[in-house]
Amino acid sequence: VIRDHLGSLQLRLALRLTALCAVAIAIAAAVLIYQAYETAGSLNDRELGLRAADLARNVSMSPAGTPRLQMPPKLAASYESAAGADIFAIRGSENRIIAASPPAFGELVRTWPSAGEEAAYFHLKEFGTGSQDFYGLAVVRESAAGLISVYVARAAEADALVHSLLREFILDVAWVVPVLFAIMLAIGVLAIRSGLRPVRRLSQMAAAIGPNSTSVRLPDRNVPTEIVPLVRAVNHALDRLEQGFQVQRQFTANAAHELRTPLTIVTAALDAMEGNGELAKLKVDVARMSRLVDQLLRVARLDAIALDVSEAIDLNEVCSNVVAAMAPLALTHRRTIALSRSERSMRIRGNATAIADAVRNLIENAIAYSPQGGKITVSISDDATVAVADRGSGIRPEDRRAAFERFWRGKNVRTQGAGLGLAIVQEIMSAHGGRVTIDDNPGGGTVFTLSFKMTDQTAVASHVETRACSDTAKSRISVVAGPEEQQQNLPLAGEHRGQAAGHAVQTLKP
Amino acid sequence: MRILIVEDEVRIAELVEGALARAGLVSDTVALFADAKAALAVTPYDAAILDLGLPDGDGLRLIRDLRLARSQIPILVLTARDTVDERVCGLDSGADDYLVKPFATTELIARTKALLRRPGGALGMTLKAGNIVFDTVGRDVKVGEAPLLLPRRESAILEHLMRRLGRVVPKAVLEEKLYGLDDDHESNVVPVHVHHLRRKLMEADATAEIHTVRGVGYLLMEATA
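Residue numbers (the working numbering), protein chains in the order written: chain A, 1 to 510; chain B, 1001 to 1225.
Honestly, the hints are just simulated from the structure, not real lab data.
Backbone N, C-alpha and C define an ideal beta-carbon position, used for all residues, glycine too.
Do not take every clue at face value.
Keeping only pairs whose Cα atoms sit at most 30 Å apart, straight-line, the calculated DSS-like set for lysine-lysine is [stated by the list, open to error]:
no.: 1; chain 1: B; residue 1: LYS1177; chain 2: B; residue 2: LYS1200
no.: 2; chain 1: B; residue 1: LYS1142; chain 2: B; residue 2: LYS1128
no.: 3; chain 1: A; residue 1: LYS281; chain 2: A; residue 2: LYS375
no.: 4; chain 1: B; residue 1: LYS1200; chain 2: A; residue 2: LYS283
no.: 5; chain 1: A; residue 1: LYS453; chain 2: A; residue 2: LYS375
no.: 6; chain 1: B; residue 1: LYS1200; chain 2: A; residue 2: LYS375
Only some residues are given here: those of chain A computed to face chain B with a beta carbon under 10 Å [to be verified]:
no.: 7; residue: THR129
no.: 8; residue: SER131
no.: 9; residue: GLN132
no.: 10; residue: ARG260
no.: 11; residue: ALA324
no.: 12; residue: ALA325
no.: 13; residue: PRO328
no.: 14; residue: ALA330
no.: 15; residue: LEU331
no.: 16; residue: ARG341
no.: 17; residue: SER345
no.: 18; residue: THR377
Chain B stretches covered by chain A per the calculated footprint, using a threshold of three residues with CB under 8 Å from any CB of chain A [stated by the list, open to error]:
no.: 19; segment: 1012-1024
no.: 20; segment: 1162-1169
no.: 21; segment: 1211-1222
Model the full assembly from the supplied sequences, consistent with the hints where possible.
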């Protein structure tokens, strides 16, 4: 499921969108931060330039004819208070230092080449008492004392204020980023979802297509144009499938007709003849062939056409009809047959004809494998199961799985069958989402149990049932039906078996 | 007693005709939808055996047309197609019974006779099962040559079982038949009557026996030799 989910277009788009969003926001943030620092840096440069100009303006010629720096007290105070963070040096002609603060800076600057017309930047590493880094500007200025080089620098930490302001600003604004990210993502995912809605609708429709609804086609209107070719291709595939199904159906119908007509003729012709024992044997052979053809056609039909299992049917009614139809055959073979209904109507969704076929196959088997005088019981239980119990020789546990394979026949058993009956039963049951199981019939013989899915109605009915029904009713059902699980569920079943069987005879008698 | 066979497969038509003749029933055969309509319009047949797949028309339409014209003729449908739809369609459009090919001739005869035994049917006057003879007009029963005196309820049950000879009659149907006759409607009324009836038939050496299909109903079967 998780793998499926990972493969979903919606998730893929969302993931890509997320990645794209993240990258875009990261770039935007980086640009913003860079710009902010850039601006701060250029503000710094400007300030340094202004300071250089200030200093140059205050350079004048002393009456002694030497250049000197005379700062207004305010400016001097500000340099004092900067406590070594702001340094400067002014160099006059012949590399003479006019003024420097601290003097060490002057000593350093004396060795430098003179600054050009253009402002030049420099970086002092581990200078001064604090071993600080300094960033500075060297510029040549016109002053009252002629051309002078002014060097101003500021300690790197002196930018701390600006930087901390910036940092604060960024942190203040940072929470917007994830919010923005989330909003963008939400909008993106919503857009993807609504964009994919037609596709989802299509897939729902496609999922509903089965062998019974081959005429359904997917609509290509209101579908994204990228999907239209896919929709058309699916529809074409459905066309071809429908044709295939049609051919299959036609074939089974034709085969039924074409095979049955000559068989009818042969059967009727043999019936019309009077003759010796050979004729009787021939009749048996033809009957066997008729049955084989009939079963082959049933198998072919089950293969070709999925059963419509949506009819609302009552298992009691279906089984009652089958038992009524099979009773003459059973009695002719000197077997007795009985039906045990569930106390309540047992409504399920299914295909009445197919279920009747399944039960009939089981009864035919039971007739074939029971001894003369053997009793065959068809019981419907409140858990939506139909059990067909016989008093035959039973099926060995190791053969039970194989018994449902096509053309399987019990070893050392003389039978007329083709071995298709149980395969048909199983196919019918799996079409109903149910199953067929083989168990030993307590006291000898075999119980075939058809378990159907309960519908809501069935469940409600049997719920009411369990509250309403008496112990005798329960044990009767379990004994006659005989599937093991059921007996285990009913602790009373074992103790009451003897009585219950006797009781069953009485209550069942119509 | 005349029966119309509508069947385009010549061999089947021949064999069905032969089987009916051996059972003492006279029949005519037509192969086409149009011929069947014409024949039914002229001759008052007692029953029709109809193949659904006719070369010139649909057998179901013929049944529908007949029922619209208020014809009561019992119709037995023969079909090679045994899907649900086919059967339901056949019975819905007014057929009385159906047989799927290939069928045993004995089954065909039994079903045809059952149709003829219906009240108002050609065999409805005198019912036979083994050596039991039931005159539905005089309402007297004979086993072999000996008359068998039966109370009303038992004779009603026997009549119904004989009309449906060889087929299971649900218990509920018998209860319904007795409803007008019985004053006390206890649920075990039918089993009690059947029990008595069965004993009387056995004592009279009848060659047909009432069998019980527990949970479903009863059927009368002629004893097999």
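I'd like to know which numbered hints this structure contradicts. Please list them from smallest to largest.
Going through the list in order, the structure violates hints 4, 7, 8, 9 and 17 and respects the others.
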